[in-house]
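Number of protein chains: 2
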Amino acid sequence: MPIASTAYLFPAAGLLGIVFTVYLVRITLSKDAGTPEIARFSAVIQKGAMTFLRREYRIMAVVAVFFAILLLVVLDVYIMFTFIVGVVTSVLAGYVGTNIATRANGRTAFAARKGAGHALDVAFSGGAVLGMTVVSLGILGISTVYLTFSLLRVVPNPLTVMTGYSMGASFAAIFARIGGGIFTKAADIGADMVGKVEVGMPEDDPRNPAVIADLVGDNVGDVAGMGADTYQSYVDTTIAALILGGSATTVLGARLGQKGIYFPLCVLVIGLLGCVVGVVAVKVLAQSEKVGPETVLRLGMVISAVVALLGTLLLSRLYLHDLRAFYATASGLVAGVAIGLITEHFTSGRPVDVIAASCESGAATTIIAGLSVGMRSAALPMLILGLSMIFSHRAWGIYGISLSGVGLLSILGITLSMDAYGPIADNAGGIAEMTRQHPRIRRITDRLDAAGNTTAAIAKAFAVSATAAAALSLLTAYSEVAMVKSLDIRDPRVMAGMLLGGALPALFSSMTLSAVGHAAELMVTEVRRQFKEIAGLLEGRAAPDYQRCIDIAARSALGQLVLPCLVAVASPFAIVFTLGREALAGFIAGNIVSGIFLAIFMANAGGAWDNAKKRIEAGAHGGKGSLAHLASVVGDTVGDPLKDTAGPTLNILVELVAAVSLAFVPLFLRLIP
Amino acid sequence: MPIASTAYLFPAAGLLGIVFTVYLVRITLSKDAGTPEIARFSAVIQKGAMTFLRREYRIMAVVAVFFAILLLVVLDVYIMFTFIVGVVTSVLAGYVGTNIATRANGRTAFAARKGAGHALDVAFSGGAVLGMTVVSLGILGISTVYLTFSLLRVVPNPLTVMTGYSMGASFAAIFARIGGGIFTKAADIGADMVGKVEVGMPEDDPRNPAVIADLVGDNVGDVAGMGADTYQSYVDTTIAALILGGSATTVLGARLGQKGIYFPLCVLVIGLLGCVVGVVAVKVLAQSEKVGPETVLRLGMVISAVVALLGTLLLSRLYLHDLRAFYATASGLVAGVAIGLITEHFTSGRPVDVIAASCESGAATTIIAGLSVGMRSAALPMLILGLSMIFSHRAWGIYGISLSGVGLLSILGITLSMDAYGPIADNAGGIAEMTRQHPRIRRITDRLDAAGNTTAAIAKAFAVSATAAAALSLLTAYSEVAMVKSLDIRDPRVMAGMLLGGALPALFSSMTLSAVGHAAELMVTEVRRQFKEIAGLLEGRAAPDYQRCIDIAARSALGQLVLPCLVAVASPFAIVFTLGREALAGFIAGNIVSGIFLAIFMANAGGAWDNAKKRIEAGAHGGKGSLAHLASVVGDTVGDPLKDTAGPTLNILVELVAAVSLAFVPLFLRLIP
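Chains as they are written, first to last, in my numbering: chain A, 90 to 762; chain B, 90 to 762.
Don't take each hint at face value.
What the hints assert, rightly or not - Straight-line distance between alpha carbons at most 20 Å, and here's what the computed SDA-like set of lysine to any residue pairs gives:
1) K574/B with R483/A
2) K285/B with E449/A
3) K203/A with V133/A
4) K285/B with L716/A
5) K574/A with R579/B
If you're looking for bench data, these hints aren't it; they were derived computationally from the structure.
Taking the hints into account, I'd like the entire structure generated from these sequences.
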């Protein structure tokens with residue numbers, strides 16, 4: 090197929106996005122780095138985060154090289170190439186985003202002296218670097234690889250090699266998420282269990298040896314990990330849409346040809362534009378200081394969504410001359426927003442009060458209430474996902490389902506910015522506390538941090554919805570390419586695959602939870618040791634050994650990183666070579682059903698426990714120090730690894746399994762008759 | 090089809106089973122009821138249990154009458170009739186079983202004076218009444234209804250009306266399980282949280298006001314509830330096998346005709362025989378006192394399984410002249426035993442040590458460790474279920490899958506006996522404690538109780554496996570009868586149904602957990618009140634008001650019974666009338682995948698927490714009164730409602746949804762084009 094000259098606009102749009110990102114970086118770095126003390130703490134956090142990321146990437150690189158060689162041997166050099174591009178772009182996005190986020194934290198703390206609006210502006214600009222890097226690199230990478238292979242004509246269909254890209258992004262993501270997830274929770278639990286519970290220090294006390302590790306963890310987990318996570322959703326969904334758009338003859342009636350491939354990319358470009366508008370709007374609104382931070386952030390998202398919707402509507406009319414494309418795309422976006430609102434209800438509405446009340450009768454009832462809320466909270470989102478799927482399929486077949494995913498992810502730039510802003514505000518609060526800033530500063534950063542918790546819950550819900558759309562698109566693409574005739578659930582191979590696929594997320598969560606537990610134990614021991622052995626530490630006369638805690642978190646995270654990743658990557662092969670291609674399709678489907686459920690359950694249970702604790706700390710049910718408070722701390726500690734390690738990792742697991750399956754179809758077709 | 094004269098042997102076999110049960114009843118009642126004090130406590134427990142069951146059945150009857158009228162209006166009078174038979178036989182089995190179990194408890198405590206063997210004999214005979222009643226009534230009921238409709242010829246195919254029977258059994262089961270489950274855990278938590286934790290009394294202390302309610306709860310939950318649960322699995326699986334056997338032309342190549350219908354019934358009769366042999370063997374071995382109770386019980390199961398396997402082998406050769414039937418049947422039985430052994434590992438092997446060790450760092454890590462073990466423990470059983478499904482399908486198509494379920498359930502008589510024996514031994518221990526028997530007596534009952542915990546874990550695993558087989562058979566039967574053409578998971582209706590089906594068990598568990606929490610709160614308040622208001626209670630000078638605690642447990646259980654039951658019954662209608670017949674099939678499938686996972690997860694996490702606590706109480710990690718012990722009590726309290734209420738209820742939910750869907754197919758076909 091010849092390339093339309095307009096196609097070069099896609100990489101150009103990606104490049105423009107990068108130019109905008111560079112502008113955001115310059116703005117962020119142009120802010121005052123603050124007092125020498127603030128700058129020093131910020132630098133320690135940055136050094137810790139970047140050192141950890143480099144070590145993590147090094148381990149990942151070793152496994153990736155082996156995997157690339159495997160790709161070269163059993164598939165071909167082109168898939169190996171796109172795989173490497175997928176890994177490298179993912180790493181790049183996470184690295185740049187974390188680098189700037191860890192420079193924005195101290196600047197945010199210092200900007201708070203000038204007022205909440207200024208602090209919000211700095212923190213959000215820092216977070217937006219990650220958001221815009223991810224989407225710009227996504228558009229640039231995908232369109233460039235596609236155009237290159239179209240021009241080179243080394244393969245009959247350039248779309249077939251795109252599966253390597255998708256797999257590369259998922260591959261990088263699982264390392265980043267698990268590594269960051271273990272690090273952040275080990276440090277968090279260590280800081281809380283010993284520093285806060287046993288010794289009775291306040292949050293972010295500089296005498297707490299694990300406090301810097303905790304702040305580093307926020308960055309490597311919630312910035313680098315989240316960036317890689319959403320990057321893979323973005324890439325997976327888009328590539329699945331391209332594949333289905335390019336081959337969706339059967340469902341659409343008429344072959345769309347290039348338009349089927351260009352349309353999803355156009356939607357992403359429009360979304361990018363919407364996000365730029367949204368980011369600028371947030372910055373302007375923040376500086377005007379007329380409304381609170383929650384409202385500013387939410388308005389930014391609404392503006393981006395409206396721009397994206399209107400743009401998609403115009404595009405459908407003028408480019409495709411077919412409004413079905415709009416309906417399909419919009420349904421995903423609407424579903425994502427609806428799921429976000431439901432999440433907000435369960436993690437900060439009445440259910441949180443129920444959990445807080447149950448804290449009065451002790452830790453056991455707290456846990457039961459949280460489990461109950463988490464389970465209930467998963468039902469409605471799954472209903473909405475199902476309805477959006479049916480709707481987008483009615484609008485435009487399986488291509489419509491993939492378009493709904495593209496629509497959902499088109500405004501990823503702004504939702505991810507809102508999410509990455511959270512750890513920056515959190516870090517700023519920590520730095521303010523450690524450098525003993527005026528309480529007014531701390532109040533501002535606390536305010537920003539609270540707003541970040543709400544937006545983070547929405548962004549997490551978005552990520553899960555995106556995973557569902559991406560994985561379903563990949564599943565459909567897999568069964569198209571793998572020429573699986575029957576995926577009937579009455580087929581016992583399909584059903585057996587579903588049962589196994591349903592068990593994998595549980596097995597996987599078990600591994601990540603154990604890893605967190607193990608790492609946290611080491612951290613608890615170390616913090617206890619420092620309190621005992623470093624004379625004068627408790628009285629504030631001696632400084633703790635922050636670096637050792639960072640090292641322990643890093644080492645235990647990195648040591649337990651490879652096994653779960655290997656299990657995830659190897660599982661599709663184990664299924665397909667023992668039970669066949671049909672079973673693998675069932676495996677992907679079962680994995681989606683139970684992975685999505687568990688991801689929502691864990692995210693919301695964890696969020697609800699967290700906020701129940703905050704309510705009690707704010708004075709409800711006896712307030713700080715009461716028995717209810719102790720129970721709520723147990724709930725929060727249980728919820729933390731669920732919502733920040735095990736849960737988010739499932740997003741990636743679900744997509745990785747589907748992406749690997751799709752990429753290796755040529756091998757399966759050759760080996761399994 | 091004319092009826093072979095040999096067909097009358099089926100009801101005859103069921104009747105013989107009942108004769109054997111009557112013999113067991115007489116043996117049990119012939120034992121000495123013990124000292125007047127023992128007899129008095131036993132009578133109080135019995136009165137409490139029977140009163141609760143009658144009230145529960147009354148509520149159920151009201152709903153059942155409405156449902157029967159609905160059946161009459163939208164389907165026909167015959168389905169209404171079989172529905173009623175299903176409900177009544179289920180109630181009968183549970184009622185008889187509980188009646189005898191509550192008479193065997195005091196007798197067991199008294200028999201312990203003569204030695205462990207005698208006590209084991211009495212307790213097991215009591216439990217075997219439930220086991221044998223369930224299977225005998227099952228065979229008798231199913232074969233009688235089938236033969237009656239075959240003779241009357243009021244419907245073209247007598248198998249079509251059998252779906253009402255299946256639905257009736259599931260309907261009764263969900264009431265019995267939820268009601269019993271809420272009662273037992275409310276009483277248990279009330280007795281533990283106040284009596285043991287707050288006041289510091291030992292287990293089963295007669296001064297604890299909730300202690301009798303707790304013992305009553307064991308009977309209404311683990312005897313009546315478990316009986317109804319397994320009765321429905323037995324009935325559902327058999328009826329699905331009959332339907333598939335009668336219409337399995339396509340898969341089997343040649344129509345089996347009556348043999349396809351008679352074969353599963355023959356397997357059940359052989360299994361009944363095997364169970365009689367097993368029960369007698371246990372009684373003989375118990376009295377000889379040569380081996381420990383665990384070994385005696387396990388030997389009984391092995392003997393029954395071997396008899397059933399050999400009998401099925403002979404039957405396949407001589408009656409069907411086709412060994413494929415044997416392979417299919419045996420695969421289910423082998424899978425059930427394997428899953429039982431895995432369960433034993435996770436609930437009493439090394440994983441329990443890991444949880445116990447994590448108790449040292451507090452309640453939060455205890456919970457995380459238990460969640461992790463529970464999740465991991467579900468993976469292997471789901472793999473085995475998948476493999477057994479593939480194997481039995483290779484052996485003999487979809488009919489083979491249903492035969493594997495029949496094979497698994499053929500030895501239900503003995504596994505259920507082993508399970509019902511547990512609460513009797515537990516009750517005996519409680520009565521011994523309350524009547525202040527010699528410590529030797531308590532040691533014997535503790536020993537029997539511990540053996541019961543192990544066998545209960547195996548029996549629970551059996552029940553879950555049976556559910557999987559039954560639900561899959563029902564799903565297949567549904568799609569046969571409902572003439573659903575495509576159940577392709579790429580069909581968005583199927584996939585949306587799967588997502589929703591995957592969410593239902595979570596929603597449902599959330600409801601049952603909340604119900605337990607609410608009921609437990611009322612109980613805690615009441616127990617605290619009695620300790621405060623009844624003068625001299627703590628010093629043992631005044632008696633507590635046991636009856637009030639029983640009333641509160643009963644009232645709160647009954648008050649929260651109807652809503653979850655209605656949700657379960659109504660859900661298939663909601664799906665089918667909004668999303669269609671294909672979506673309902675997907676709904677059933679998603680429900681199976683996530684229901685089975687959650688059921689295993691909850692059962693094993695709960696069991697593991699329970700045993701971790703027992704290990705610490707036996708002296709590990711600081712023993713009773715240590716901080717680790719406190720943490721382990723939290724774990725146990727969280728695990729209790731998971732393993733005894735929410736988890737087991739899921740078995741029934743999964744089957745009920747499938748059974749209702751199957752029974753209402755004629756309506757769906759009429760209303761939905």
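Results for each hint:
1. K574/B with R483/A: holds, 19 Å
2. K285/B with E449/A: The hint holds at about 18 Å.
3. K203/A with V133/A: violated, 24 Å
4. K285/B with L716/A: Given pair K285/B, L716/A holds - Cα atoms ~18 Å apart, limit 20 Å.
5. K574/A with R579/B: Holds, at about 11 Å.
Consistency note: the structure conflicts with earlier hint 3 alone.
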